[in-house]
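S.K.: Chain by chain, the residues:
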Amino acid sequence: MSPLFLFLSFVALLSALGVVLAKNPVHSVLFLILTFFTLSGHYLLLNAQFLAAVNIIVYAGAIMVLFLFVIMFLNLNEETEPHKPALAKFAAAIAGGSLLLILVAAMRNVNPVGYDPTSFDSQIGMVDRLGLVLFQQYALPFELASILLLAAMVGSVMLGKRETGERNF
Amino acid sequence: MTSIILLSIFGILNLFMGFMRSNKVLLPGAMLLLLAVFGANLADWNVVHAPYFNNMLVVDNYTVAFTGIVVLTTIVLLPFSRSYVVAGETNLAEYYALLLFSLVGAVMMIGYNHLIMLFVGIEILSISMYVLAGSSKRDSRSNEAALKYFLMGAFATGILLFGIALLYGATGTFVLSDLAGAVAAPENASLQPMLYIGILMMIIGIGFKVSAAPFHFWTPDVYEGTPTFFTAFMSTVVKTAGFAAFLKLLAVALPGAQGFWLPTIQAMCALTLLLGNVGAAVQTSTKRMLAYSSVSHAGYLLIGLVASRGNLTGDAASGIFFYSLAYSIATIAAFGVLKLVADHRQRDDYAALNGLGKTNPLLAFSMTVAMLSLAGIPLTGGFFGKFFLLAAAAGQGYIGLVVFAVIMSMVGLYYYLRPLIAMYLRPAEEGATPVPVDGIQTATLALLALLSIVLGIVPGFLSGIL
Amino acid sequence: MRPKPVGATFALQRLLVLLRSNLTAMLLVLPAANYQPSDYLPILIQFGLALAFVAFAMIVSHLVGPKRNSTVKDASFECGIESVGNARTPISVKYFLTAIVFVLFDVEVIFMYPWAVNFRALGNDGFIAMILFMFFLLAGFAYIIKKGILRWNEA
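So the protein sequences, as listed, match chains A, B and C. Note that my numbering numbers the first sequence so that position 15 is 1293, with each residue one more than the last. Note that my numbering numbers the second sequence so that position 179 is 206, with each residue one more than the last. Note that my numbering numbers the third sequence so that position 36 is 90, with each residue one more than the last.
No wet-lab data here; the hints were simulated from the structure. Just so you know, not all the hints are guaranteed correct.
Stated by the list, open to error - List time: in silico DSS-like cross-link candidates among lysine-lysine, alpha-carbon distance up to 25 Å:
1. 201(C) / 148(C)
2. 51(B) / 200(C)
3. 175(B) / 164(B)
4. 201(C) / 164(B)
5. 164(B) / 127(C)
6. 1362(A) / 1301(A)
7. 121(C) / 164(B)
8. 51(B) / 1367(A)
9. 1367(A) / 1301(A)
10. 148(C) / 175(B)
What the hints assert, rightly or not - Computed list of chain C residues with no C-beta within reach of chain A, every gap over 10 Å:
11. 91
12. 123
13. 129
14. 131
15. 165
Unchecked claim - Over 12 Å on every C-beta distance to chain B, these chain A residues come out as not near it, computed from the model:
16. 1280
17. 1291
18. 1304
19. 1307
20. 1335
21. 1338
22. 1364
23. 1368
24. 1387
25. 1397
26. 1403
27. 1416
28. 1436
Ideal Cβ positions, reconstructed from N, Cα and C, are used throughout, including at glycine.
All chains, full assembly: derive it from the sequences and hints.
M.R.: In structure tokens, the structure reads:
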């Protein structure tokens, strides 16, 4: 494990914890952006440059803006922050803890076969390779992803458009 | 494949039909388009197609059969959107377009041969459902339903995706047939735990979508808040497609890991039957009762998964097909009647049905047939649905599960008879007027009742087709 | 007889020739067939430099600039509206709708990068695949325009 990998993982975990633990929702979003950047760093270490760039452009760029919009919609002032009951926190901790326990216990002995430096193809994550796979082998899911985007578009317009006669803005 | 292409194009067509001046043509238009899809789908029956697009999609009799159910269900559901047409709903074209798009997702979930297709299909279906759950924008219960469904559904999809990733990590393939080999004879035995966690997470993800316990907690609230027209779609099409995907995953990709998932599914099955039936028995709202009843029917369908033991053909698979069909027909009729009554009387508890036998004999009869079919009384389709599934399970030696399911359907009898008591034995409120029903709805309800009875008298023509 | 270049002129000429040959070499060089994560070192250095410049400019402006503090001068803007207060006021849903439509088309454009890189290799099939994809999304775009989502001042 290279020191760079360890550093990126450390920052990723820390900032992910920050997303959950931060009191201020805007801080959570900023931590999330940091998490996305460290994940992009991981993609770069895996030599998947296109994914790294897309992760920054779409997630850290566009989706985060949506998050901020949602925060502004929700009117999350500290006074109006609902108090979560202790029982819910306790149950969540138990559930999350058991999931962690199971994952760690199950994955402890997993021994993936290491890569073979002589036959390993380091260029597999390049954008040209990805394009060939995406548009040849995965052509059908790619086309149908447009239906997914279209459905999302229609849905957001339907829910977000102001009807004639509605007074709110 | 044809049905996916047609549904996508017709979806867009429907979307743009919304810009026409009159919305009168929308409903018959959508029904005609869906009939065309239904016909095109049936044309593929017994036709052998090579897998499409590098093993992405398989069109065989299994795909055609389940696609037939979901398309037919949507066709007979559409007449109940008449009240939207009458009220001049501005988003009607969007509703129909989203229903058609979500059918694309359903067909992908039925015909997938590659886990990416399963995932994209589930996403298309779920996104449309999240939106439609919240389509009644002025109603805070509808908003709540959409938000709950979206948050929990997005989480379940994430778990499903995590499961797919772990499965890929353990086997190195997404294609179902290759997965079967890699699961049965793993190259790297130390990856086995990763495979098991992957399978477990996929079961959780799909179990959520078909509302099997213990992942059913969203169902009553979401079904109650969602406009009834879309609740009917959710509890039939989403469940049918989900079970088709579930059976295919377990039977084609994971028969090698049967020793692992079979006990899990059995436990889920027993729990779903228990919670669904007991939950339904204590409800006071007809809609919530139907929501819990849809949970309990997920339990009966899970018996089919247990009995299938990794077979996509044979008794259990045919049983799941027949049960899904009978369940969909009865559920559409029940929700259809409930929607008509609730629209007219502005309430949806049992008392809303009081005296319906006097005021609207046809609605009451249709509801009666639906309830009897859901309860599994002989001479209705639901009886043979249960019979085939339980016979398949008994044939495999799961006697305990079968006995438990029979006991639970006794509990079911209790709550399915309550609407009947309300309709025939309780007097209507003072001055209750008959619920207005127009011609096409009358015809659809009659057709649904007829289908239920035909399936219950001569089930032979559809019972062993898979 | 040509005069022999001497001194500074000669040195300059040599430098230009050197530069030109190197430049052509740099521009004509094919993309390295073998990208490695370490190839990102220059970008990392660039990031570092950008950050360092920002820090440098801020520190220097603080050190060098004159200091005149007052409440009005320290306000972020001054136009008669209260400039400090709760930023969490409800905003129009139109902004959100525009943003969400932007994200959807952003994702669409992302799909075009790997396609454009392989435009020749994918041939007709790839072209048709992209046309179909675009057809569905542009149908959505036409729908959005016809619905008037992008018109700001009405409905």
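S.K.: None of the hints should be skipped; say for each whether it holds.
M.R.: Each hint, compared with the structure:
1. 201(C) / 148(C): 13 Å, holds
2. 51(B) / 200(C): Holds, at roughly 20 Å.
3. 175(B) / 164(B): 15 Å, holds
4. 201(C) / 164(B): Roughly 18 Å between the alpha carbons, so the hint for residue 201(C) and residue 164(B) holds.
5. 164(B) / 127(C): Roughly 47 Å between the alpha carbons, so the hint for residue 164(B) and residue 127(C) is violated.
6. 1362(A) / 1301(A): Between residue 1362(A) and residue 1301(A) the Cα gap is close to 13 Å, so the pair holds against 25 Å.
7. 121(C) / 164(B): 55 Å, violated
8. 51(B) / 1367(A): Status violated; Cα separation ~52 Å.
9. 1367(A) / 1301(A): 15 Å, holds
10. 148(C) / 175(B): 23 Å, holds
11. 91: 5 Å, violated
12. 123: 27 Å, holds
13. 129: Answer for residue 129(C): holds, closest chain A Cβ roughly 21 Å.
14. 131: 19 Å, holds
15. 165: Since the minimum Cβ distance to chain A is about 7 Å, residue 165(C) lies within 10 Å and the statement is violated.
16. 1280: 21 Å, holds
17. 1291: The claim holds: residue 1291(A) sits with its nearest Cβ about 17 Å from chain B, beyond 12 Å.
18. 1304: 20 Å, holds
19. 1307: Label holds. Min Cβ-Cβ 17 Å, cutoff 12 Å.
20. 1335: For residue 1335(A), whose nearest Cβ neighbour in chain B is about 21 Å away, the distance exceeds 12 Å, so it holds.
21. 1338: Its Cβ never comes within 12 Å of chain B, the nearest being 19 Å, so this holds.
22. 1364: 20 Å, holds
23. 1368: About 18 Å separates residue 1368(A) from the closest Cβ of chain B, which puts it past 12 Å; holds.
24. 1387: Label violated. Min Cβ-Cβ 6 Å, cutoff 12 Å.
25. 1397: Correct as stated: the minimum Cβ-Cβ distance to chain B is 15 Å, above 12 Å.
26. 1403: It holds; residue 1403(A) is separated from chain B by about 15 Å at its closest Cβ, greater than 12 Å.
27. 1416: 7 Å, violated
28. 1436: 5 Å, violated
Going through the hint list in order, the structure does not satisfy hints 5, 7, 8, 11, 15, 24, 27, 28.
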